[in-house]
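*Asks:* In order, the protein sequences belong to chains A and B.
Read left to right, the first sequence gives residues 0 to 98 (numbering that gives the first Met the number 0).
Read left to right, the second sequence gives residues 0 to 289 (numbering that gives the first Met the number 0).
Some clues are possibly wrong.
[What the hints assert, rightly or not] Reference excerpt, derived from the structure (chain B facing chain A, CB under 10 Å, subset only): (1) I100; (2) V143; (3) I160; (4) I227; (5) I229; (6) P232.
For the record, the hints were derived by calculation from the structure and aren't laboratory data.
Just so it is clear, CB atoms sit at the ideal spot from N, CA and C, and this is done for glycine as well.
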Amino acid sequence: MTLMAYLVLSSVLFVVGSITVLTRRNAILAFMGVELMLNSCNLALVAFSRIHGTLTGQVMAFYVMVVAAAEVVVGLAIIVSIYRARRTVSVDEPSLLRN
Amino acid sequence: MEAVVGTGAEQVVFWIIGPLMAIASLSLPLARKPVHAAVGLIFVMIGMAFLYTVLEAPFLGVAQVVVYTGAIMILFVFVLMLVGVDSSDSVVETITGQRWIAVVLGAGLLAVLLGVIVTANLPDAVGLENANARTNPVGVAYEVFGNTVFALELVGVLLIIAALGAITLTHKERLAAAHDQIATVKLRQRAYARGEGSQVLTPMPAPGVYAQHNAADVPALDPHGMPIDISVPRVLRLRGQELSPADVDGHVAQIASGPYLRPVSAPVEAEGADGESESGETLEQKGEQA
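Put together the whole structure using the sequences plus the hints.
*Replies:* Put into structure tokens, the structure is as follows:
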């Protein structure tokens, strides 16, 4: 029964992460929300790996981790360069393409 | 089956760490300061490492601590410091009711996910005892380097490209050649030769009366006890915030008004009570002007 509890926790964390992405204006905070969502997916994958008794889920979680590291590096570099150009990290401010 | 999965110890660990993680994760949408949210996320990630270990995945637990807490979150905090720690989020909504829409959508997503999980016909957990027969890291290694070698190579390429991309994105073109120390000194000498720039070639005397008063708005005293005006930072002088040594209490004022004081322009014959009182007056006048 506890394995279902892991899945419940994982979906709660996923929802919190997605609400963060939807509401937060600070780009860094929105990005942290994405990280939380990736983490919760990892938890579900590891739990499923144990349910099925194979290591495939853990390997998938491992790859998710590596790709998340690459994604964070590029994303934070983009945020830093936007901050350098516009002096803001708000996701609302750089709306130059609107007009 | 329950003997393999969900033993008492595991239940205890889960029911302590799980709710704490859920509460800590709430700091992400709710915390006003980004640093608090970062700390909450770090707590969630460390808790996740505990849960991995409990879930018979110790390799992933260690990797979680090393990769997520050790690298990714440090990177986040780094960028937070770079951007400014006190940049709190604006509360103004650009789309009206965006927050409530987000909460309703989140609640809907949670309802859907929980509905699926609760109603799903999950098989009894097999447990990883067979798969982890040669310890978990070895099992994961066989899986990674045996069945998914190509994916591993691709991930390696991805990491290299990401590193290159980060370097390219944050690289700053230098618009002019950097001034080294020699170039700075030569510029200064040329300005001095033209009669521009500062009055002295050597570094400016430091403000403050040495070892007596160390505030930046008090000029240094020369060997005669006269204040050296250029020792006070230019900005303070322009603002008129310069103090005269006579305004400073204690020993400095004593020096500035007392027997050590000699006017620089009047060399030798100005010894005696007259010269001292004169120079003391000029000093006080200067202080009033300032």
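*Asks:* All the hints need checking, so say for each whether the structure fits it.
*Replies:* Status of each hint after checking the structure:
Among the interface hints, the one on B:I100 holds; its C-beta lies about 8 Å from the nearest C-beta in chain A, closer than the 10 Å criterion. Look at B:V143: its Cβ gets to within about 6 Å of chain A, closer than 10 Å, so that hint holds up. Hint status for B:I160: holds, given a least beta-carbon distance of 8 Å to chain A, under 10 Å. Because the beta carbon of B:I227 sits about 40 Å from the nearest beta carbon in chain A, more than 10 Å, this interface hint is broken.
Because the beta carbon of B:I229 sits about 35 Å from the nearest beta carbon in chain A, more than 10 Å, this interface hint is broken. Violation of the interface hint for B:P232 is found here, the shortest Cβ-Cβ separation to chain A being roughly 27 Å, above the 10 Å cut-off.
In summary, the numbered hints that this structure violates are 4, 5, 6.
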